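Asks: Starting from the structure of chain R, add chains B and H with the ligands where the hints point.
The chain contents come next:
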Amino acid sequence: MSDYRIHGATGEWEVVIGLEVHAQVVSNAKLFSGAATAFGAEPNSQVSLVDAAMPGMLPVLNGECVRQAVRTGMAINAQINAWSRFDRKNYFYPDLPQGYQISQLYHPIVGEGEIEIELEGGATAKVGVERIHLEQDAGKMLHDQHPSMSYVDLNRSGVALMEIVSKPDMRSPEEAGAYVRKLRSILRYVGSCDGNMEQGSMRADVNVSVRKPGQPFGTRTETKNVNSVRFIMAAIEYEANRQVEVLEDGGTIVQETRLFDPDKGETRSLRSKEEAHDYRYFPDPDLLPVELSDAFLAECRESLPELPDAKRARYQDGLGLSAYAANVLTAEVETARWFEQLLAATGEEHAQRAANWVTSDLFGALNRLGRTIEDSPVSAAQAAELLTLTADGTLSGSLAKQVFEIMLETGQDPGAIVEERGLKQTSDTGAIEAVIAGILAANPGQLEQYRGGKEQLFGFFVGQTMKAMQGKANPAVVNELLKKALG
Amino acid sequence: MSVDTATVRHIAKLARIAVSDEEVAALEPELNNILGWIEQLQEVDVTGVEPMTAVIPNQLRLRDDVVNDGNKRDDVLANAPNAEHGFFAVPKVIE
Amino acid sequence: MSDLTDLTVAAIRDGVRDGAFSAREVATAFNANVEKGRALNAYVVETPDHALAAADAADAARASGDLKPLSGVPLGIKDLFATKGVQTTAGSNMLGGFEPVYESTVSGKLFEAGAGMLGKLNMDEFAMGSSNETSAYGPVISPWRRNDGGNAPLAPGGSSGGSASAVAARLCPGATGTDTGGSIRQPAAFVGISGIKPTYGRCSRWGVVAFASSLDQAGPMARDVRDCAILLEAMSGFDAKDSTSLNMPVPNWEAALSGDIRGKKIGIPKEYRIEGVPAEIDAVWQQGIERMRDAGAEIVEVSLPHTKYALPTYYIIAPAEASSNLARYDGVRYGKRSPGEGGIDGMYRATRHDGFGKEVKRRIMIGTYVLSAGFYDAYFNQAQKVRTLIARDFQKVFEQVDLILTPTAPSAAFALGDKTSDPLAMYLNDVFAVPASLAGLPAMSVPAGLDGQGLPLGLQLIGRAFDEQGVLDAGLALEERSTFTHRAEAWW
Ligand SMILES: [Mg+2]
Ligand SMILES: [Zn+2]
Numbered sequence: 001m002s003d004y005r006i007h008g009a010t011g012e013w014e015v016v017i018g019l020e021v022h023a024q025v026v027s028n029a030k031l032f033s034g035a036a037t038a039f040g041a042e043p044n045s046q047v048s049l050v051d052a053a054m055p056g057m058l059p060v061l062n063g064e065c066v067r068q069a070v071r072t073g074m075a076i077n078a079q080i081n082a083w084s085r086f087d088r089k090n091y092f093y094p095d096l097p098q099g100y101q102i103s104q105l106y107h108p109i110v111g112e113g114e115i116e117i118e119l120e121g122g123a124t125a126k127v128g129v130e131r132i133h134l135e136q137d138a139g140k141m142l143h144d145q146h147p148s149m150s151y152v153d154l155n156r157s158g159v160a161l162m163e164i165v166s167k168p169d170m171r172s173p174e175e176a177g178a179y180v181r182k183l184r185s186i187l188r189y190v191g192s193c194d195g196n197m198e199q200g201s202m203r204a205d206v207n208v209s210v211r212k213p214g215q216p217f218g219t220r221t222e223t224k225n226v227n228s229v230r231f232i233m234a235a236i237e238y239e240a241n242r243q244v245e246v247l248e249d250g251g252t253i254v255q256e257t258r259l260f261d262p263d264k265g266e267t268r269s270l271r272s273k274e275e276a277h278d279y280r281y282f283p284d285p286d287l288l289p290v291e292l293s294d295a296f297l298a299e300c301r302e303s304l305p306e307l308p309d310a311k312r313a314r315y316q317d318g319l320g321l322s323a324y325a326a327n328v329l330t331a332e333v334e335t336a337r338w339f340e341q342l343l344a345a346t347g348e349e350h351a352q353r354a355a356n357w358v359t360s361d362l363f364g365a366l367n368r369l370g371r372t373i374e375d376s377p378v379s380a381a382q383a384a385e386l387l388t389l390t391a392d393g394t395l396s397g398s399l400a401k402q403v404f405e406i407m408l409e410t411g412q413d414p415g416a417i418v419e420e421r422g423l424k425q426t427s428d429t430g431a432i433e434a435v436i437a438g439i440l441a442a443n444p445g446q447l448e449q450y451r452g453g454k455e456q457l458f459g460f461f462v463g464q465t466m467k468a469m470q471g472k473a474n475p476a477v478v479n480e481l482l483k484k485a486l487g
Numbered sequence: 001m002s003v004d005t006a007t008v009r010h011i012a013k014l015a016r017i018a019v020s021d022e023e024v025a026a027l028e029p030e031l032n033n034i035l036g037w038i039e040q041l042q043e044v045d046v047t048g049v050e051p052m053t054a055v056i057p058n059q060l061r062l063r064d065d066v067v068n069d070g071n072k073r074d075d076v077l078a079n080a081p082n083a084e085h086g087f088f089a090v091p092k093v094i095e
Numbered sequence: 001m002s003d004l005t006d007l008t009v010a011a012i013r014d015g016v017r018d019g020a021f022s023a024r025e026v027a028t029a030f031n032a033n034v035e036k037g038r039a040l041n042a043y044v045v046e047t048p049d050h051a052l053a054a055a056d057a058a059d060a061a062r063a064s065g066d067l068k069p070l071s072g073v074p075l076g077i078k079d080l081f082a083t084k085g086v087q088t089t090a091g092s093n094m095l096g097g098f099e100p101v102y103e104s105t106v107s108g109k110l111f112e113a114g115a116g117m118l119g120k121l122n123m124d125e126f127a128m129g130s131s132n133e134t135s136a137y138g139p140v141i142s143p144w145r146r147n148d149g150g151n152a153p154l155a156p157g158g159s160s161g162g163s164a165s166a167v168a169a170r171l172c173p174g175a176t177g178t179d180t181g182g183s184i185r186q187p188a189a190f191v192g193i194s195g196i197k198p199t200y201g202r203c204s205r206w207g208v209v210a211f212a213s214s215l216d217q218a219g220p221m222a223r224d225v226r227d228c229a230i231l232l233e234a235m236s237g238f239d240a241k242d243s244t245s246l247n248m249p250v251p252n253w254e255a256a257l258s259g260d261i262r263g264k265k266i267g268i269p270k271e272y273r274i275e276g277v278p279a280e281i282d283a284v285w286q287q288g289i290e291r292m293r294d295a296g297a298e299i300v301e302v303s304l305p306h307t308k309y310a311l312p313t314y315y316i317i318a319p320a321e322a323s324s325n326l327a328r329y330d331g332v333r334y335g336k337r338s339p340g341e342g343g344i345d346g347m348y349r350a351t352r353h354d355g356f357g358k359e360v361k362r363r364i365m366i367g368t369y370v371l372s373a374g375f376y377d378a379y380f381n382q383a384q385k386v387r388t389l390i391a392r393d394f395q396k397v398f399e400q401v402d403l404i405l406t407p408t409a410p411s412a413a414f415a416l417g418d419k420t421s422d423p424l425a426m427y428l429n430d431v432f433a434v435p436a437s438l439a440g441l442p443a444m445s446v447p448a449g450l451d452g453q454g455l456p457l458g459l460q461l462i463g464r465a466f467d468e469q470g471v472l473d474a475g476l477a478l479e480e481r482s483t484f485t486h487r488a489e490a491w492w
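Protein chains in written order, with my numbering: chain R, 1 to 487; chain B, 1 to 95; chain H, 1 to 492.
What the hints contain is simulated information worked out from the structure, not anything from laboratory work.
This list has only true hints and no planted wrong ones.
Computed list of lysine-lysine pairs in DSSO-like fashion (alpha-carbon distance at most 30 Å, straight line): (1) R:Lys424 to R:Lys472; (2) B:Lys13 to R:Lys224; (3) B:Lys72 to H:Lys241; (4) H:Lys36 to H:Lys109; (5) H:Lys109 to B:Lys72.
Rough simulated footprint, nothing fancy, chain H against chain R, three-plus residues with beta-carbon under 8 Å: (6) 43-54; (7) 58-65; (8) 94-103.
From a predicted model like this one, the values you see are computed outputs, not experimental measurements.
We put the beta carbon where it would ideally sit given N, CA and C, even for glycine.
Okay, chain R solo, but in the shape it has when bound:
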């Protein structure tokens, strides 16, 4: 794998990274109650009596959350456990109304799987997934609203999370970043998590240790709740260097929980509690084991979309796209979706042209406008029309670019723009011949030089002709007629 090393005073150190990603399951209602999961509601408005752990309230499992976890497991070729169970993780905190989190320790719903990541330079690597389990999210605490009180909002309390636990297979910040990006991509393809890291839909606990290459694993620290790919990579980098420094100074690494401070780019120890946590896990007696039928599992499998790896392979092998284009077009589900709408309208025989156009013209424009493909001002249908107008010779390449700019500004269909503004390319040989004749007449010097053997001047005549035709002449026809006229 990676040859990323930290160069310490005593030599090179290898970094070992494992990630526990908490991904919020896409569902209307919570894992064990019928309250809504939508982001940004008024405090305590999306709370059922179950979520508030009123006396006598009981959990009832949301089937969609189970389905999404199973589909996610299938998407990473993981072992699906048709028999799983929920356990209680007991601890006290004001954002945890029951005094326990319903989670899965002993029998998670998804077992071992694997994710392939793409690294710089086209290399790939595999990162093992240990397990995926379902669990409840906690509520939210606000500490800055009152001088002596903390406020508790239970809207998130009970929202379904998938905890996706990787094996300690990553060896560099880059690999960890690639893993999280790939995981996010898969989740979004599957539709089991929206991947929105700013809203906390995905956050990672980052486990880092260092060792001299070839040595056994060192003691790890866990940096909690890091919520962007950039921060995850920064936290690893900082933490690994910190650990090397401690070890080289003759110290030891304490297994502890740390926090990442994005402003300083540092991790710091959470005030180490005088006693270790003792979560007293045991099977939740309010729930029965989750037993999944073959029909349920079959539906999960059948409902899986084509996933990024398969799609990328198909784009390369089936559509003949370059590795780069296939990668870029499949990395995000929205891009792939948009591209496939485009292909459906143009026909797959135009795949390469379409891919080129999307990766250069469209992405360039979106970048410039600060937009994503989801809110692209040009629809896939409009783009298909534009590509068709180019393919059938109605528009030249430069005309197409002009039309595209107008589309971005006005949102109009390309056909209407061409019609309205008379931007059609002409292949009318008579008209072109007349223009060429005029240009040859106006530039006798260049003509003489050309005929004298300075063939580079051909481009000059093309340019002059196109300019005189206001860019609307079919370049192929111009070339042909010029050659004839220049003799």
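Replies: Just chains B and H with the ligands now, with coordinates in the frame of chain R:
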């Protein structure tokens, strides 16, 4: 297995129950008495026996993913010892 | 007219239907008895208006011809059931003043069926106890007294002690109880009434303050077997809000009720003959066996080899579940809050110190301990395995027999304070009740006779899962033959 006063205090801490010295002194023999009696379970041969998961054969049902609850903040806060601005208020937690 | 409060549930229902008296008369009579019986400390909240409103609705229903199954029947509701707008405390200071905004499924079903509520019944705190002495409201007193003239106040049993005392003293014709390890059957036996714990999952646990989720079951307590059948029918039924609820139709237990048990096989487990149990218990048991035989049943000696491990198993599993179920009482969202010192943890510790009583704290401590790091396998998992063995014992025996007959409790009612200083001695009172709880089986106590001190003794019938009918039928056969007509002298 027997517990000493330190263990009694540790358990009380895990359970978030304040205990006075007298309470610890009273609890220690009581718990030891009960735990000593429970100890007899160790003599049961449970080789190959699965721990019970459901006392009566029954299948877990899965709920439809429908929002049919929530939106009852007043009910949720109705019995709160201290509620402010729609939140539960607790003594400040320092993170 | 004879005293309406002497009538059974069935007689009240029928009398209202036939116009022999009005539901309002019944409710008024019971409201008066509730007031008169305050010395028993059976009720912690009285709700005479609720009872009257239901009675008026019943009288109106009769006039319009749409009576419901329990129209005109006022009931007592154990304080473990959340009752909308009516204080629900589970007998604990922790929930002092707690008024649920919701109605438990079981109490809701009873009210739907036309019943009214006379009040909330006292109980052991969070249903943890066998004498009702752990209640924050003080002990319930049994209406019974020993015939030695000593007038020592006796325990009604627990945890449904308020329910037991109230039914026995005619402060209600029937009541709800809950049974985690004998809390319906043992108090029923102590006060000479009937009570049935149905198959685990028959009655929804939604809205019942949880003690030990895998064991808790609601059930009725009433004067006779028929009344238990009537009330259980109204309380039972599938509830989508309880994941452990049984999704099966509720049989018409009352309609099918029959004391004809000819040809049934009744098992007598030899492991229930334990040392130290008074001879009178054995005698009543023997008498019960004879009565079953007289009813045409075949008596079969059976073995439940893991019986002696049931109680220790129970005292691992129930406290473990309780330690977790009671973690929600943290002073944040409802109930008691003591500010304490030292921020949030100080608040937790003070609240839970002040809010919970001694026995509850003891059990939380035991439960916390058996689940804590390093002990899970040795205690909790071992107990769950032994629990499997106990359930298997029953399964095997039920291949040979239809029912099992045992004593309900190893003693008659004891005096208040007798066992409070020795928790273990108190726990041992549930030795016969706990095995059926661990196996989730339907089990019932019916009065069988009096001991030498003139105190009631009960016999327990345990049936196959889902066979409440078999249990009720055998209970009726026993009831018909024991003709238990004794009642406590009203001294209060
Ligand atoms: Mg973690
Ligand atoms: Zn987690």
